[in-house]
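For reference, the chains in residue letters:
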Amino acid sequence: MDRIKLLWDFFPFLSAEPSVVIFLSDVLKIVCRSYGRAPKMIHLESNFVQFKEELLPKEGNKALLTFPFLHIYWTECCDTEVYKATVKDDLTKWQNVLKAHSSVDWLIVVVENDAKKKNKTNILPRTSIVDKIRNDFCNKQSDRCVVLSDPLKDSSRTQESWNAFLTKLRTSLLMSFTKNLGKFEDDMRTLREKRTEPGWSFCDYFMVQEELAFVFEMLQQFEDALVQYDELDALFSQYVVNFGAGDGANWLTFFCQPVKSWNGLILRKPIDMEKRELIQRQEATLLDLRSYLFSRQCTLLLFLQRPWEVAQRALELLHSCVQELKLLEVSVPPGALDCWVFLSCLEVLQRIEGCCDRAQIDSNIAHTVGLWSYATEKLKSLGYLCGLVSEKGPNSEDLNRTVDLLAGLGAERPETANTAQSPYKKLKEALSSVEAFEKHYLDLSHAAIEMHTSIGRTRSARLVGKDLAEFYMRKKSPQKAEIYLQGALKSYLAEGWALPITHTRKQLAECQKHLGQTENYLQTSSLLASDHHLTEEERKRFCQEILSFASRQTDSPGHKIVLPLHCFAQLRDLHFTPSNAVVHVGGVLSVDITMCSQMPVPVRVEQIAINVHFSIEKNNYRKTAEWLTKHKTSNGIINFPVETSPFPTSQNNLPALELYEMFERSPSDNSLNTTGIICKNVHMLLRRQESSTSLETPSGVALEDGAHVLKCRDVTLEPGPNRITFRTQAKEPGTYTLRQLCASLGPVWFVLPHLYPPAQYDVYSQEPQLRVEPLADSLLAGIPQKVKFTVTTGHYTVKNGDSLQLSNAEAMLILCHAENRAVIYSNTREKASDVSLRVQSSDKVTSISLPAAPAYHMIEFELEVLSLPSAPVTGGESSMLGVTEPHRKHKDTQKAGHCMATTDHKVSIDCPWSIYSTVIALTFSVPFRTTHSLLSAGTRKYIQVCVQNLSELDFQLSDGNLADPGRGADLQLVPLNAKSPQHISSKQSVFFVWELKWTREPPPSLRCQFSVGFSPASEGQLSIPLKPYTYEFQVENFFTLYNVRAEILPPAGTEHCRTGSLCSLEVSITRLSDLLDVDKDEALTESDEYFSTKLMYEVVDNSSNWAVCGKSSGVISMPVAAQATHRVHMEVMPLFAGYLPLPDVRLFKYLPHHSAHSSQLDADSWIENDSLSVDQHVGDQLDSGSIRSRGSVHSASSSEHKGLPMPRLQALPPGQVFNSSTGMQVLVIPSRDDHVLEVSVT
Amino acid sequence: MAVCVAVIAKENYPLYIRSIPTENELKFHYMVHTSLDVVDEKISAMGKALVDQRELYLGLLYPTEDYKMFRKLHNSYTDVMCNPFYNPGDRIQSRAFDSMVTSMMIQVC
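In the order they appear, the protein sequences are chains A and B.
Each step along the first sequence adds one to the number in UniProt numbering, with nothing skipped, and position 1145 is 1145.
Each step along the second sequence adds one to the number in UniProt numbering, with nothing skipped, and position 100 is 100.
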């Protein structure tokens, strides 16, 4: 079909005079490769045009589209004559013309027609014409001549020839095209390189490069075509920028002509020939050029299915046009550019809408929204320019301006004339009346806001909204403006943009003023008055607004306008006096606050009040007076965080962690129980974030009505920090929490709804109290000691004449000095006064007159008391001579260790505030411990008294005396002590010794009283004489009855004892006196006036130095007569070498079993006395005793003979036995054959 | 030429903002604030793998016919952040940063 159509196209030429045809043909698929670009399949659409010489390109022709690519000569000639006569000449002529135009792309087509051939008789062979032509014209390119045989037949020959022809046509055409295109591009580049030459014209060059773009467009290579335009765009832009930098090109001045027409972009035609011609004629303005360029780019982009790029580029174009006009200093009538931009924006948007469906547009709002808001902006400025926004409507000047602007638009273009919503019509309508403008402006604004919001560009939406608000304000409809302003302000506040906040707030204030929202207006005003971004004057103006409102008389008295305080003043810190914020009932508490006034001028505030919440916390340990006065010892300053209003961190971010170390100590010994870190503001951190807080609406500040209010009247707050002091007298006990702070100016109340961190003070009531406590750790008996009396008056007021009545304890004296001073302290431990104290003592009662003191004070004074020393308890109880320890009671033993014996004295005190007596126990410690012992030297007796100082003090001891009350002169105690006073240091002992002498037979027991004067060594003369320290004791059986002497003799023949060899131990027991009273006991046996007593001896070596061989003990019958001696001999073996002490020889009374004293011994005594073997039941085993361990003796004896009536042993009192060999030692030398030498040194 | 330099905290409040024609400061504040819309968009797009995260230049943020905006002072900002006395989130008051910004503004003017 194609082929036939093609032929039909040919035939007009064919049937007419065969002639040369300019040829472009068919649908040719060609692979085109040029300039390193990737090979592409292109469509080449061609036209056949009849050859005319004037169509041949002249030198320097830049038109590529109308360029003849291939010249084809068609001939039907089949006759040599005809050929020779006409065709050859014609061909030659044609060839010459082509040569003259240096066109080398040509083709000769010979159409052979069988029909014609048959008619002619003198027909040459078919090929001859073709050969001739080839010979004549195609001297080396025989393929330049093609034969098309019988083109209208449907034979295979025809088919073949057609194919050959078309192939040839294709290649020829392509070669020509490629060659010419390349040449064209080269030429174009050359031309561009010449752009610095003086005569170079951008418009000319534009046309050349556009030609290339057209070609690409025609080849459907839109991308390449677009590149051409983009290059032109960039080139032009660069020239403009260079112009701005001072490098102007001559041709650019064409574009600097004043703007006279601003009819916007035209994008509905593929090529705006009107503008193109202007460019061609070099008459285009900058806007014309830009418009045309963009319309071409737009067309190509739409071909490329990239409408969004159009939108984006459009915005850039509009911006850059505005800038370029500014840069080139082109004179533009006011508003003209706005019109142009507005029209262009809408044109672009409508163009895009025209080629996309709704869904596409909706999902690509992000690309178009910029154009929408730009159009809105421009319409707005047009409205302002033409007086369409003012309340009164445009004046004549505005109208003139409008007319001028409309004139610049020209007539509407025919292509949009039928469109109802064309940009042109819209603009014209909008500028026609106030109402129309409002409608269009609102439409656009709302559309822009909606679009911004829908793609999440809230900030942009806010900004458009703010413009809208401005518009409404101009139109005097503040109620519509408010919502936009609030919205904008909210978003600026949320993100902390100080300047926009200030500005928007200013607008909002204006709006609220118009709306008559008094509270909101005042709040905004106060915020603005405290805004440092405003000038001083503006701040003062807003401050004045508040003040004048406050001073105005309101219609409804009592109506309060409650505003938040923080915009008026900020609470910085709060300070209690007393600093622990604890005050007693009736006491005065003052609260100092520092308020930072944010106002630019001093403001006189009628009243500043703090609402206080009162609560009674009963049974709360922490609220007792003691706890409060002692434990709450902060410095009393509470700092309030400075609110940084333009800083969103306080709203968005969590506050910083407030971490503190925490130590919890045990209350008893202050040791660390637990430690850790606590977060003090956890309630802030874990709080749920409020999703949206209305920031500017008058926050629902509720004014609390409390019964307790701290007030301060007529305060003038200077700008900056102010100190305000509140005073209050405490009334009811309880906890008072400061809740709200409000400052009132007439009907305007600035309220701080919550004080955080919380501040509170406590009021307590206290009962009067008396406390008596020693000054030192413990009171010492016997010397004057100071006791501190503390009277806490509490709610009681001590009057003159009030006194404390102390009922005296017997053994405790209250020492009255001439001058006692009492100090009165206030509740806060400040010394109030110092008065003398009268103390009167009678027998029973000591009366202390208290000085007059107000309530909640403390009276402190000190008194000296003296506990009279009493004889220690030990004296009477010690029944056995010298032996003290084992016979002490347990309690005493415990005390005797390190603690001093104590005595308690109870004093009952009558206080004036109470009908009950206060009983106070004072514990005194006896500073000394005294022990005594009896010492013997043969028959001579000595009494030793040891005084041990247990206290921390040093004492001076004097006049140590031992008396024997109730004895005659027959007994004498001869002191062996120094006469001078003795110093006894702390924790040291002093010994006193007396020799006991008697002239008659001494009594079995002796009562002694030791007394020694003492005084503290540090103090000089004491005011009062001190009683001496006394100690009573009793010594019994102090007369020596037996002398025991032991002697160890080395074996016969040797000089010394040797280890391992037996030595003899001689024990001689000598009775020193005749029968005495003390002997009369069960052990005594009488026979013929001859008395004897049974004794048991025992040789014990506790230090295991000796091994006793044979019997170590035995019972002897000792005659009771002076100088009666009993000797015992036994053998011992030294186990060690060295000077060894002799083994102990012990003597017991051997009592018969029916003794009246036979009482069951308790287990304790057994254990206690085991080393002494007192009352040891000695049976047969005593006789069979040999070398055995001491432990087994007891176990055997106690187990075998339990319950049987056994003879008993009774130790002789130490005073009755004198061991004359005590302390003696025997030299034992080691035996020679000992391998191991063991030396014991004792 | 830079006419306005702003450093914005990630919570969208200005850490630093300075503009050269001081009489128009307010306008710049509005502009920078509004441009955060686009910054937000770009940053949320960064989460998607296609965008090169190393690309620090954010491009055109706010359509204005008057100025173009740049953002290129990251290094100096890093210095500020390295200052141990600087509390992240506070407003930038560094003198060095200030002079750097001034030089950026004056450089081409």
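The set of hints was computed from the structure by calculation and includes no laboratory data.
Heads up, some of the hints might be wrong.
These stretches of chain B come out as covered by chain A in the derived footprint (C-beta under 8 angstroms, 3 or more residues) [said to hold, decoys possible]:
no., region
1, 3-17
2, 36-44
3, 94-105
Where is the CB? At the ideal position from N, CA and C, for every residue including glycine.
Right, here's what the structure says about each hint:
1. 3-17: As far as the region 3-17 of chain B goes, the hint holds, because 4 residues have Cβ atoms under 8 angstroms from chain A.
2. 36-44: With 5 residues close enough to chain A, the hint holds.
3. 94-105: Coverage by chain A is violated for the region 94-105 of chain B (0 residues, Cβ < 8 angstroms).
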